[in-house]
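Here the protein sequences line up with chains A and B, keeping their order. Residue numbering for the first sequence is 1 to 72, as defined by full-length UniProt numbering. Residue numbering for the second sequence is 1 to 72, as defined by full-length UniProt numbering.
Because the hints were derived from the structure by calculation, they are not lab data. Every residue, glycine too, gets a C-beta built ideally from N, C-alpha and C. Check the hints yourself; a few may be wrong.
[Unchecked claim] From the structure, some residues in chain A lie toward chain B, with a derived Cβ separation under 8 Å: (1) T13; (2) G16; (3) I21; (4) R23; (5) T62; (6) G63.
There are 2 protein chains.
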Amino acid sequence: MAENHYQFNVVMTCSGCSNAINRVLTKLEPEVSKIDISLEDQTVDVTTSLPYETILEKISKTGKEVKSWKVL
Amino acid sequence: MAENHYQFNVVMTCSGCSNAINRVLTKLEPEVSKIDISLEDQTVDVTTSLPYETILEKISKTGKEVKSWKVL
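Bound conformation, chain A alone (with noise of 0.2 Å):
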């Protein structure tokens, strides 16, 4: 199936929060084939077959706050 590369800019503090997403995204593979999470820059980058509202929803559900998102 075809890929898509979505890049999340999302509030995180610490190293805690970003694992928190690297854990939640991990659960949706093999559907989400990369994760690259950036705490320096804010930004999530996702590589993945599914949606980006699936993506957005999951992040969403961590509680963090997701200030934009847009395709790579």
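On the provided structure of chain A, position chain B as indicated by the hints.
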């Protein structure tokens, strides 16, 4: 409806972590009537008419590790 008071022991490393948990639990109001989170004690106290499983699932979806829980 009868309310219970549950205490969850959750790994939280910064105020961003505890705020995220507060945010998702607040969405369960009014079934959740009181939320008291201590970053120092690593505890999440919840007064609610909902079963503990519902609260546990909601906290788990934040990606935070729940170490234990008990009825107070």
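Do the hints match the structure? See the list:
1. T13: holds (3 Å)
2. G16: holds (3 Å)
3. I21: It holds, given that the least Cβ distance between I21(A) and chain B is near 6 Å, below 8 Å.
4. R23: Since the shortest Cβ distance to chain B is 4 Å, the answer is holds.
5. T62: holds (5 Å)
6. G63: Hint on G63(A): holds, closest Cβ of chain B at ~3 Å, below 8 Å.
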